[in-house]
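Trainee: Spelled out, the chains give:
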Amino acid sequence: MQQISDILSFHRADRSDLIPILHEVQSRLGYIPPEAMQAAADHVGMSASEVYGVATFYSAFKFKPVGRHCVKACRGTACHVKGSEKILAEIEKALGIKDGDTSADGEYSLETVACLGSCALAPVLVVDERVYGRVTPARVKSILRGER
Amino acid sequence: MNLSGLREQANNAWKAVNEPSRPQVLVGQATCGEASGAGEVNHSILETLKRLGIEADVHSVGCIGACYCEPLVDIVKPGAPRICYHSMTPALVSELLEDYLVKDNPRPDLALGVWGESRFGIPALFELPMFKPQMRIALRNAGVIDPENMMHYIARGGYTGLERALKMAPEAVIAEIEKSGLRGRGGAGFSTGLKWKLCRQAKGSPKYIICNADEGDPGAFMDRDLLESDPHAVLEGILTGAHAMGAAEGIIYIRAEYPLAIKRLVKAISQMRDIGLLGKNILGSGFDFDLRIVMGAGAFVCGEETAMMNSIMGRRGTPRPRPPFPAESGLWGKPTSINNVETWACVSAIMEKGADWFSSFGTEKSKGTKTFSLAGKINRTGLIEVPMGITLQEIIFGIGGGIPGGKSLKAVQTGGPSGGCIPASMLSLPVDYEALTKAGSYIGSGGMIVLDEDNCMVETARYFLSFTTSESCGKCVPCRLGTRQLLTILTDITQGKGKPQDIPAILGLGKSMRQGSLCGLGQGAPNPAMTTIAYFREEYDEHINSHVCRAGECRALISYTIIAERCKGCAICLRACPSAAITGEKGKPHVIDISKCSQCGNCLDVCPKKFNAVVKVPAAGPAAVPAAKG
Numbered sequence: 001m002q003q004i005s006d007i008l009s010f011h012r013a014d015r016s017d018l019i020p021i022l023h024e025v026q027s028r029l030g031y032i033p034p035e036a037m038q039a040a041a042d043h044v045g046m047s048a049s050e051v052y053g054v055a056t057f058y059s060a061f062k063f064k065p066v067g068r069h070c071v072k073a074c075r076g077t078a079c080h081v082k083g084s085e086k087i088l089a090e091i092e093k094a095l096g097i098k099d100g101d102t103s104a105d106g107e108y109s110l111e112t113v114a115c116l117g118s119c120a121l122a123p124v125l126v127v128d129e130r131v132y133g134r135v136t137p138a139r140v141k142s143i144l145r146g147e148r
Numbered sequence: 001m002n003l004s005g006l007r008e009q010a011n012n013a014w015k016a017v018n019e020p021s022r023p024q025v026l027v028g029q030a031t032c033g034e035a036s037g038a039g040e041v042n043h044s045i046l047e048t049l050k051r052l053g054i055e056a057d058v059h060s061v062g063c064i065g066a067c068y069c070e071p072l073v074d075i076v077k078p079g080a081p082r083i084c085y086h087s088m089t090p091a092l093v094s095e096l097l098e099d100y101l102v103k104d105n106p107r108p109d110l111a112l113g114v115w116g117e118s119r120f121g122i123p124a125l126f127e128l129p130m131f132k133p134q135m136r137i138a139l140r141n142a143g144v145i146d147p148e149n150m151m152h153y154i155a156r157g158g159y160t161g162l163e164r165a166l167k168m169a170p171e172a173v174i175a176e177i178e179k180s181g182l183r184g185r186g187g188a189g190f191s192t193g194l195k196w197k198l199c200r201q202a203k204g205s206p207k208y209i210i211c212n213a214d215e216g217d218p219g220a221f222m223d224r225d226l227l228e229s230d231p232h233a234v235l236e237g238i239l240t241g242a243h244a245m246g247a248a249e250g251i252i253y254i255r256a257e258y259p260l261a262i263k264r265l266v267k268a269i270s271q272m273r274d275i276g277l278l279g280k281n282i283l284g285s286g287f288d289f290d291l292r293i294v295m296g297a298g299a300f301v302c303g304e305e306t307a308m309m310n311s312i313m314g315r316r317g318t319p320r321p322r323p324p325f326p327a328e329s330g331l332w333g334k335p336t337s338i339n340n341v342e343t344w345a346c347v348s349a350i351m352e353k354g355a356d357w358f359s360s361f362g363t364e365k366s367k368g369t370k371t372f373s374l375a376g377k378i379n380r381t382g383l384i385e386v387p388m389g390i391t392l393q394e395i396i397f398g399i400g401g402g403i404p405g406g407k408s409l410k411a412v413q414t415g416g417p418s419g420g421c422i423p424a425s426m427l428s429l430p431v432d433y434e435a436l437t438k439a440g441s442y443i444g445s446g447g448m449i450v451l452d453e454d455n456c457m458v459e460t461a462r463y464f465l466s467f468t469t470s471e472s473c474g475k476c477v478p479c480r481l482g483t484r485q486l487l488t489i490l491t492d493i494t495q496g497k498g499k500p501q502d503i504p505a506i507l508g509l510g511k512s513m514r515q516g517s518l519c520g521l522g523q524g525a526p527n528p529a530m531t532t533i534a535y536f537r538e539e540y541d542e543h544i545n546s547h548v549c550r551a552g553e554c555r556a557l558i559s560y561t562i563i564a565e566r567c568k569g570c571a572i573c574l575r576a577c578p579s580a581a582i583t584g585e586k587g588k589p590h591v592i593d594i595s596k597c598s599q600c601g602n603c604l605d606v607c608p609k610k611f612n613a614v615v616k617v618p619a620a621g622p623a624a625v626p627a628a629k630g
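From first to last, the protein sequence lines stand for chains A and B.
Quick note: the first sequence, position 13, residue 13 per the numbering used here, numbers continuous.
Quick note: the second sequence, position 394, residue 394 per the numbering used here, numbers continuous.
Only chain A is shown next, with the shape it has when bound in the complex (with noise of 0.2 Å):
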């Protein structure tokens, strides 16, 4: 709750600054938890259910807690054609987890993405900050390994 109010008190309290509250909630915490909407939503003057309707609206914001590592597989269209979804496929064996999904030990999460502009070198993968291009079904083990 500390660090909440350590976000809101460098914030207007002004609606427009909810977007970028709500982006640092989840840069520090890795997710939005019910009682941050609640501290935004008093900060910025708005009801909790309004700050609920524009937090879920935008679907880089996640409100469950997520993983140590942030897997993310991109399904834009470069990867498309070029076979994301074989990529994908392999990622949630080698992880054992769904696109959404965090790993029981809360390793690891994985989600798609729409696209990460690196459509030069699809398909493409982020581990956390690192962007991995030309990436083969073969690769994504020892790509996930790397990180552990």
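By construction, these hints were calculated from the structure, which means they are not laboratory data.
Just so you know, not all the hints are guaranteed correct.
As the list claims (entries may be wrong) - Chain B is nowhere near these chain A residues, computed Cβ spacing over 12 Å in every case:
#	residue
1	Ser9
2	Pro33
3	Lys98
4	Leu144
Claimed, not checked - List of simulated lysine-lysine pairs, DSS-like, C-alpha gap at most 30 Å:
#	chain 1	residue 1	chain 2	residue 2
5	A	Lys93	B	Lys586
6	B	Lys103	B	Lys50
7	B	Lys475	A	Lys64
8	B	Lys179	A	Lys141
9	B	Lys475	A	Lys141
10	A	Lys141	B	Lys586
11	B	Lys616	A	Lys86
12	B	Lys588	A	Lys86
13	A	Lys93	B	Lys596
14	B	Lys263	B	Lys407
15	B	Lys438	B	Lys365
16	B	Lys475	A	Lys62
17	B	Lys407	B	Lys179
18	B	Lys586	B	Lys407
19	A	Lys86	B	Lys610
20	A	Lys141	B	Lys610
21	A	Lys86	B	Lys596
22	A	Lys93	B	Lys610
23	A	Lys98	B	Lys616
24	A	Lys62	A	Lys86
25	B	Lys596	A	Lys141
26	B	Lys103	B	Lys15
27	B	Lys511	B	Lys365
28	A	Lys64	A	Lys141
29	B	Lys497	A	Lys93
30	B	Lys179	B	Lys353
31	A	Lys86	B	Lys609
32	B	Lys475	A	Lys72
33	B	Lys263	A	Lys64
34	B	Lys511	B	Lys497
C-beta atoms are modelled at their ideal positions from N, C-alpha and C, and glycine is treated no differently.
Given the coordinates of chain A, assemble chain B onto it according to the supplied hints.
Mentor: Okay, now just chain B, sitting in the frame of chain A:
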């Protein structure tokens, strides 16, 4: 204050790179370079220089667009031209540095080209087939300069256009932009000068300007590359526009998926503030302006201007009907002008070199150049900038070097999820706003995905509809229900459950969506399906009537089998099969049990090429049974 004091300092800084007294090493470190391992290459360069005891300067530059052969490293040795080396690895770059800097061997075998004239048997970089047809205006500094070093930008003529604009009346700046013929590079192609004029003339204060950097089209990365490689070119354009329209505040709306672009923008903005290019009384002109960055949060529809404004104001990013247009009533009800990243970068070039220079490129109605990201089934993937009016043939086979693996080109997808597929038979089509629209596609922001014979056109349409369905904001009915319905029909067809009446249903639904949807997302969403029906009708008919996918991409319509005579029984496919559908003793031919097979194709991928025992065949079994007549 003016910039003339800084120009000398800038020229010296730039001279130190190009006519150096000690070696200069420049590493391409935009996202594509990083994804190919530029970080490790940079590390290896520093280690090698230390080991060899060589005093040299290492710079990080942006992307020159040759993403297919990243990581790129340029070396400038005193007395020699800048040489670009490609496909570097930590080991290779170490070898190169030792050979060139110590043994004076420029290693032509590792080089891509020389900046300037051919030398040491290395070809001239800009005479190569990939670069020769290009004209780089928005990308003038991309891959050339260190994007985090403002002095490099200034030395290359940066901010001279702004200085000129600030001495002109705002109306004269708008007239100059109008004269240049510049049209919005985000896709719609509206006249930039006219857009600015409407905002200038609108009553209301303060006025806002927005830089649209919410590059959501999957398959497009022009804006990311430009912002990572030359942020000041965009920022100078924004400042010029603010002066012309009388705006006091600017907002850059950028997608959160572009962390490096955001980092470089933040740095560039603080550099501007340090030398008085932002804030009160900019360059002593009496003009006040400030700029901030707002991050998107993963909603494609926010690329639409009214949705974007809602998002900036802290609301759900849904569009609203227009009029009123943003120029009259935008952010907080005030006049607002929204322009795309590339448009802003063109503005700064136009103010530097003049409207006549800019309009000397391009076609009658589409002036200047356009950046495109080339991706998909093409040899030289990357980012290019070409004069408007160039043909698709020149782009794909000239610049892009054709289709890999001896396959044949089937179509080019332009304009992202709102665009369409242009068939190989129309390659002579000139690329400009009108010609692409006439072909049923549109120029869009500039994504160009090349599809070959292995890509199914029905599946391609289904893919785009799956995207627009999940990104539809749900506010208007034609888009919300229309995308869902189109996706259901297309999915059925790809699974062999299509019916002859599906085609007229798609066309009718598409027409209603075009007419009835609130914004470009819904209006454009039927385009991938409608253009593929127009140009690839036979593929739809084959899926529906014969349950055949000629590209072999639709899983339900294909099957895999092992040719017993070729199979050596090595068990590689058996181990790779996720469904345990393959059986067989070691050393004896294996067999695939169709009832267990999920058609993932792993067996085909892993079967050693020398055996080539696994083949893809049209599906037998349930999918081949004709659908009930209905």
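Trainee: All the hints need checking, so say for each whether the structure fits it.
Mentor: Verification of the hints:
no.	hint	result
1	Ser9	holds (18 Å)
2	Pro33	holds (17 Å)
3	Lys98	holds (14 Å)
4	Leu144	holds (16 Å)
5	A:Lys93 to B:Lys586	holds (26 Å)
6	B:Lys103 to B:Lys50	holds (16 Å)
7	B:Lys475 to A:Lys64	holds (26 Å)
8	B:Lys179 to A:Lys141	violated (56 Å)
9	B:Lys475 to A:Lys141	violated (41 Å)
10	A:Lys141 to B:Lys586	holds (26 Å)
11	B:Lys616 to A:Lys86	holds (16 Å)
12	B:Lys588 to A:Lys86	holds (28 Å)
13	A:Lys93 to B:Lys596	holds (18 Å)
14	B:Lys263 to B:Lys407	violated (40 Å)
15	B:Lys438 to B:Lys365	holds (14 Å)
16	B:Lys475 to A:Lys62	holds (22 Å)
17	B:Lys407 to B:Lys179	violated (44 Å)
18	B:Lys586 to B:Lys407	violated (35 Å)
19	A:Lys86 to B:Lys610	holds (23 Å)
20	A:Lys141 to B:Lys610	holds (25 Å)
21	A:Lys86 to B:Lys596	holds (18 Å)
22	A:Lys93 to B:Lys610	holds (28 Å)
23	A:Lys98 to B:Lys616	holds (28 Å)
24	A:Lys62 to A:Lys86	holds (25 Å)
25	B:Lys596 to A:Lys141	holds (25 Å)
26	B:Lys103 to B:Lys15	holds (25 Å)
27	B:Lys511 to B:Lys365	holds (27 Å)
28	A:Lys64 to A:Lys141	holds (26 Å)
29	B:Lys497 to A:Lys93	holds (29 Å)
30	B:Lys179 to B:Lys353	holds (13 Å)
31	A:Lys86 to B:Lys609	holds (20 Å)
32	B:Lys475 to A:Lys72	holds (28 Å)
33	B:Lys263 to A:Lys64	holds (27 Å)
34	B:Lys511 to B:Lys497	holds (23 Å)
Checked against the numbered hints given earlier, the structure breaks hints 8, 9, 14, 17, 18 and satisfies all the rest.
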